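Asks: Given these sequences and hints, build the entire structure.
Below are the chains, spelled out letter by letter.
Protein chains: 4
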Amino acid sequence: MNYHDILARIQEEVLPLSNKGKVADYIPQLAKVDPSKFGMYLHLLNGQSYAVGDWEERFSIQSISKVLMLCMAVSKLGEKVYERVNVEPSGDPFNSLVQLEYERGIPRNPFINAGALVITDMLIDAFNDPKQSFLDFTRAVSGHLDVQCNPAVAESERRCGFKNSAIVNLMKSFGNIKNEVDRVLDLYYDFCSVDMNCQQLAQAFCLIANHGRGIVNDQKYLSESQFKRITAIMMTCGFYDEAGEFAFKVGLPGKSGVGGGIIAILPNEFSLAVWSPGLNEKGNSLVGMKALEIFTTQTACSIF
Amino acid sequence: MNYHDILARIQEEVLPLSNKGKVADYIPQLAKVDPSKFGMYLHLLNGQSYAVGDWEERFSIQSISKVLMLCMAVSKLGEKVYERVNVEPSGDPFNSLVQLEYERGIPRNPFINAGALVITDMLIDAFNDPKQSFLDFTRAVSGHLDVQCNPAVAESERRCGFKNSAIVNLMKSFGNIKNEVDRVLDLYYDFCSVDMNCQQLAQAFCLIANHGRGIVNDQKYLSESQFKRITAIMMTCGFYDEAGEFAFKVGLPGKSGVGGGIIAILPNEFSLAVWSPGLNEKGNSLVGMKALEIFTTQTACSIF
Amino acid sequence: MNYHDILARIQEEVLPLSNKGKVADYIPQLAKVDPSKFGMYLHLLNGQSYAVGDWEERFSIQSISKVLMLCMAVSKLGEKVYERVNVEPSGDPFNSLVQLEYERGIPRNPFINAGALVITDMLIDAFNDPKQSFLDFTRAVSGHLDVQCNPAVAESERRCGFKNSAIVNLMKSFGNIKNEVDRVLDLYYDFCSVDMNCQQLAQAFCLIANHGRGIVNDQKYLSESQFKRITAIMMTCGFYDEAGEFAFKVGLPGKSGVGGGIIAILPNEFSLAVWSPGLNEKGNSLVGMKALEIFTTQTACSIF
Amino acid sequence: MNYHDILARIQEEVLPLSNKGKVADYIPQLAKVDPSKFGMYLHLLNGQSYAVGDWEERFSIQSISKVLMLCMAVSKLGEKVYERVNVEPSGDPFNSLVQLEYERGIPRNPFINAGALVITDMLIDAFNDPKQSFLDFTRAVSGHLDVQCNPAVAESERRCGFKNSAIVNLMKSFGNIKNEVDRVLDLYYDFCSVDMNCQQLAQAFCLIANHGRGIVNDQKYLSESQFKRITAIMMTCGFYDEAGEFAFKVGLPGKSGVGGGIIAILPNEFSLAVWSPGLNEKGNSLVGMKALEIFTTQTACSIF
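Chains as they are written, first to last, in our numbering: chain Y, 16 to 319; chain F, 16 to 319; chain W, 16 to 319; chain L, 16 to 319.
Hints may contain errors.
For identical chains, the list gives no copy identity; a pair is met inside one copy or between any two copies.
As the list claims (entries may be wrong) - Below, a list of computed lysine-lysine pairs in the DSS-like style, where the Cα atoms sit at most 30 Å apart:
no.: 1; residue 1: K37; residue 2: K193
no.: 2; residue 1: K297; residue 2: K47
no.: 3; residue 1: K146; residue 2: K178
no.: 4; residue 1: K146; residue 2: K235
no.: 5; residue 1: K91; residue 2: K146
no.: 6; residue 1: K95; residue 2: K178
no.: 7; residue 1: K47; residue 2: K193
no.: 8; residue 1: K37; residue 2: K235
no.: 9; residue 1: K37; residue 2: K95
no.: 10; residue 1: K95; residue 2: K35
no.: 11; residue 1: K47; residue 2: K235
no.: 12; residue 1: K91; residue 2: K52
no.: 13; residue 1: K235; residue 2: K95
no.: 14; residue 1: K47; residue 2: K95
no.: 15; residue 1: K178; residue 2: K193
no.: 16; residue 1: K91; residue 2: K35
no.: 17; residue 1: K178; residue 2: K297
In short, the hints are calculated from the structure, not lab data.
If you're wondering where the values come from, they're calculated on a predicted model, not measured in any experiment.
Replies: Listed below in structure tokens is the structure:
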């Protein structure tokens, strides 16, 4: 069975599940998304691509941007990034302060909010205009020049992000945030607010599937070691408190966001984006998880 | 032996210890205080008073103001104050976020920072000009109209108070802060920045020793039940992680501050303020604790 | 109003509440106790006594024995007892392991299970036959030679005491238990299983009200400092997670047990035992708390 | 370069590091092992094998047996195994009780001590003679009939295993242990005490590399789904608090033990055992980690 047929069958199979998840509703921009949306885009490194459903419709990538932020930070700053953020999985829900306090302000990994906020703080010092640089980077690696932040989403999150404010302030009290708290938060919410569609996301993440070399501009962003590190973090920390479940069911390095998007890659082979807004109780796209599970089962192309 | 002689002997006995403590140094205004300062002021409810040392010199009362804030809140709002802050001792250091997160944003008691910040939030809603009302209240119960906030102290604490910012934001994420985070923090730092001397402090706290009736204006601020509640909280929660030690060594309800002040009361009898800037490792005035211990031993007037 | 009338009125007032509490049911011996039982016994240090209700009926004193264990340990070993157990209130439920693990096996105070188990371990090393010595001590200070352990209760608790086993093993892993785990647990359950009635309990605790001197044999068991320390711990740690509540409502040093007993003392004045099997949600006798609250309100004899 | 040369070069490269690690010393049997020992055995599923150093010398496999225990439990009991043990990585050190208490006695995953103890409890109910069945299973999948438990090691661990006793008792208090505490502990220590050499270990774990089918007896022990689950757990939870580090540096599912052994597999390809007794500060073989890192770098055969 070819990829075209596999994606079509997945769509058919997961369609009845789209009302099982719960759309994130803490900000209006996420709450009003149609829960029946479903899109999937597979980009092979050989240049072929396959798509199904609402793959052209943009959605808020949210935490998926944490991987792009990390790539950008490592590409510019190298290994010293990991002096201020650890690389181990976290046993607590994705925004817990407990572990952060016991570990003296050093986040467990770059994909929990605390970790991404420290990365944001580093990017402020590393770039003159970090927001523009992030957009430049994302556009360059995806090949889509119209990727944009969504100011309404960023502003909404800023207004209700008290837990993130608590996290940044706590880390600053431990000396692990160098810039002004509000500066860090503003930029972080800009990063999370980026809108992309499945195609753009899949093509952007070919950067990682391709061992750190951009598929559009052929630029080498990450060393082999840096590529391995980021892929390993995606493997062990990409899904909040469901990393083990994802490793089992899907068996690919990946990252999810509360907008309902999930990206998964198979190094040397492909990048695969899926989107369905309804979340399971752990905060990951319910239909997206299922779609990826069917995909790796059908194609037998997980890392295991 | 009379009180005059007892205070004199205490001064003599504790003098050699004044270099053992460590002056709080996280803000310049506290760090530059002369560590050899020592003052003590005893105000009996019968009107007599006794003093020794630098009792006329003002210092930053810091956390001692938490008791005055609580009195003011309870006096105005009654028992509903305790719906948003608990009354049990805390087993963790005074500014820990762990317990706060596990207990869903409800602070353990009004004398840890989290609790005092919730009280501050209540005072904003209860008074048109809460800072002025606090000064009015403190001046009224102490009988000293020149009690003032210290803007330089407040501003310094604001600039380095990232842990307090984390605490307020965390509580706001749980819905236990109603006003703007910065509004709460600004007012809180104003409250903590009040400068008073031993005499003023002792006379202000006669309010509590006198079962909630001001000794200057004879006004009834607290019901008998409210008085008991506040005294009980002073007894069990007044000394951070050294409440048990103070109950043993001194045996009086009290409250300390990082400025080196300690207030202790014996209901129906007296209010006693002591000041020495050097702190022990738990953050309480080293010499102040010792002075009070000698006082209750000599006078046999603890609650036990 | 005299004490006789006060106790009578208390009985009348709390009677309707006796079905509100919940009798401890984790072992059959406690579960089968009649929830309508109520007894109270007041022993003044001047020799007078007053009683009401089922004051002659024995019940399982349970955690109240922790105070007697501590008295016995301090009387024999002195201050070094406090090298292996702290004296500060605990912010967690009474048998939590979390704090114990973070504080490296040193219990917060001698009245949580962990602390009493360390005291038990000390008593094994301090006495040839610690169980007999405990009975001898309790009989001597109470003046009742028929005080006994209840083997059925001890055996039942032993069989379901997995959390206590976890606690002892955890402390032993930190080196804070010297004897065999089972030896410590067996003795601990013997201590907790003692049956006493309100009269016996009140008379035994005159030891503490009387500053450490037995009222029956006039023997000095505790120094003045040791007496103060134990009273302070009763004041701040005697009621699990309701210490602050008890300090407010009753305002006396005390200790409760899951058998429904509560002991409270006023130094120099009296010892007061109350018993009602139904517990509130914090594990303290619901009616007992209320009875003591009425008593101190009526007599105005709290420490505040 | 062929595998023979690669192993030889690895040996040469890691030899100077063998004094950098610290041999586990909490029991005499582990403490007396020569720290300069080093062995490695690679078993390809095509039947070829390569070895270097002390690959014939047996060592205590310790926690590596947790994988075999899990395979045996899943093979017999199916998915219901995961109703009593979770499958997510743990953010705390390998034997912490904190998380266990907050998560009501359900261990985070089967490779922390708590999880393996629950698996042991299941095996007691699933087999008449679980110790013999475990040996039968290990012998069958490895093809080595002389695999044995080491009674001296088991006995030594039993005598100092207070933290494990605490863990089992805590889980029993939550109802997640069905059998007698001592029965569970005894069997667990037997399982951990197994002695194997690199060859035996590599050949036993071909079971997993071969998708759950034994390479010696061609028996199908695990379904495809069960194989994936176990491999995913090895990927995310196999190295205590260094799972992310191992995923990065080695990039293979694996498991380590405090005896200095590490097993790693590449599904469909090979099973690779390495042994060097010196541990790094996280409790994993220092030289073993390095050897595996060089291996996957040289052969480019990690999962990424």
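Asks: Between K297 and K47, at a C-alpha cutoff of 30 Å, which is it: within one copy, between copies, both, or neither?
Replies: Within. Shortest intra-copy distance 20 Å satisfies the 30 Å Cα cut-off; inter-copy 44 Å does not.
Asks: With identical chains treated as interchangeable, where does the CA-CA distance between K91 and K35 reach 30 Å or less: within a copy, between copies, both, or neither?
Replies: neither (42 Å within a copy, 33 Å between copies)
Asks: Reference check for the pair K235 and K95, CA-CA at most 30 Å: within, between, both, or neither?
Replies: within (19 Å within a copy, 47 Å between copies)
Asks: As a check of your reading, is K91 near K146 (CA-CA no more than 30 Å) within one copy, between copies, both or neither?
Replies: within (15 Å within a copy, 48 Å between copies)
Asks: Is it within, between, both or neither when you check K47 against K95 at 30 Å Cα-Cα?
Replies: The answer is neither: 41 Å in one copy and 38 Å across copies each exceed 30 Å.
Asks: Is the C-alpha distance from K178 to K297 at most 30 Å within one copy, between copies, in both cases, or in neither?
Replies: Both: 18 Å inside a copy, 28 Å across copies.
Asks: Can you tell me if K37 and K95 fall within 30 Å by alpha carbon in one copy, between copies, both or neither?
Replies: Answer is between: at 27 Å across copies they meet the 30 Å cutoff, but 39 Å inside does not.
Asks: When no copy is named, should K47 and K235 be tagged within, between, both, or neither for a Cα gap of at most 30 Å?
Replies: neither (39 Å within a copy, 49 Å between copies)
Asks: One pair to classify: K146 and K235, alpha carbons no more than 30 Å apart. Within, between, both, or neither?
Replies: within (21 Å within a copy, 54 Å between copies)
Asks: Up to 30 Å between alpha-carbons, please classify K47 paired with K193: within, between, both or neither.
Replies: Between copies, since 26 Å is at most 30 Å while 36 Å is not.
Asks: Using 30 Å as the alpha carbon limit, work out where K95 and K178 are close: within a copy, between copies, both or neither.
Replies: both (27 Å within a copy, 26 Å between copies)
Asks: From the Cα coordinates, with 30 Å as the cut-off, is the pair K146 and K178 best called within, between, both, or neither?
Replies: both (22 Å within a copy, 27 Å between copies)
The structure does not agree with the numbered hints 8, 11, 12, 14 and 16 stated previously, though it agrees with the rest.
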